[in-house]
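Using the sequences and the hints given, assemble the complete structure.
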Amino acid sequence: QLSGLAVIAFGLWLRFGGPMADFATDKRSPEYFFMGLYVLVGAGAIMSAVGFFGCCGAARESQCLLGAFFACLLVIFAAEVTAGVFAFLGKKVAIQEAQKIYEDVYEDYMKNPVGKANSTIYRYHVVLQCCGKGNVEQQTGLPCPENIQLPKASNCLVEIQNVIDTSLHVVGIVAIAIAGITVSKAMFS
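To convert, note that position 84 of the sequence shown is 84 in my numbering; the numbers rise steadily by one, no gaps.
I should point out that these hints are in silico values taken from the structure, not numbers from a laboratory. Incorrect hints may appear among the rest.
[Said to hold, decoys possible] Below, simulated DSS-like cross-link-like pairs (lysine-lysine); rule was C-alpha separation at most 27 Å, straight line:
1. Lys111 to Lys100
2. Lys133 to Lys100
3. Lys92 to Lys133
4. Lys133 to Lys116
5. Lys116 to Lys100
6. Lys111 to Lys133
None of the values given here were measured: they were computed from a predicted structure.
Quick look at the structure:
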């Protein structure tokens with residue numbers, strides 16, 4: 001039960017409170033990345049429910065409930081391994097998709113520097129602590145955070161890659177670790 005709640009909390013934090021949360025507010029969000037999180041949160045919810053029913057089965061000493069508990073644990077295990085593999089293998093596609101979203105926002109800003117494009121690109125710059133796509137000529141006139149010094153500002157495309165790379169590694173490791181815990185639960189039930 002508790003590991004299921006931990007998986008739910010972790011998945012929701014990455015979706016709504018982590019570094020990727022601001023990317024989800026735009027129409028062009030990296031859906032590929034969020035699909036893995038949704039699988040992880042769903043598996044955590046099922047894990048919590050199944051854990052509760054497993055406790056009930058153990059308390060009542062019901063072989064039927066314990067058998068159903070074991071079968072559900074196998075399904076959860078498959079979902080968690082899928083989420084972990086999805087996070088590791090889908091990293092390149094997720095990075096490319098997020099970089100394309102930034103480049104589209106960047107082009108929208110270059111065409112019309114006032115309005116929604118301005119606030120969107122500024123939000124990217126604040127979250128990623130970067131400005132532009134690398135060279136100083138492109139950074140001139142961009143809405144960059146005050147604490148960033150322009151000649152040394154990070155390339156946003158590189159920062160996007162770093163954030164997604166780190167997030168997906170963490171998601172994959174947590175999913176596979178929880179899957180290992182699930183297998184150990186199944187062995188001892």
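Here is what the structure says about each hint:
{"no.": "1", "hint": "Lys111 to Lys100", "in the structure": "holds (16 Å)"}
{"no.": "2", "hint": "Lys133 to Lys100", "in the structure": "holds (12 Å)"}
{"no.": "3", "hint": "Lys92 to Lys133", "in the structure": "holds (19 Å)"}
{"no.": "4", "hint": "Lys133 to Lys116", "in the structure": "holds (19 Å)"}
{"no.": "5", "hint": "Lys116 to Lys100", "in the structure": "holds (18 Å)"}
{"no.": "6", "hint": "Lys111 to Lys133", "in the structure": "holds (16 Å)"}
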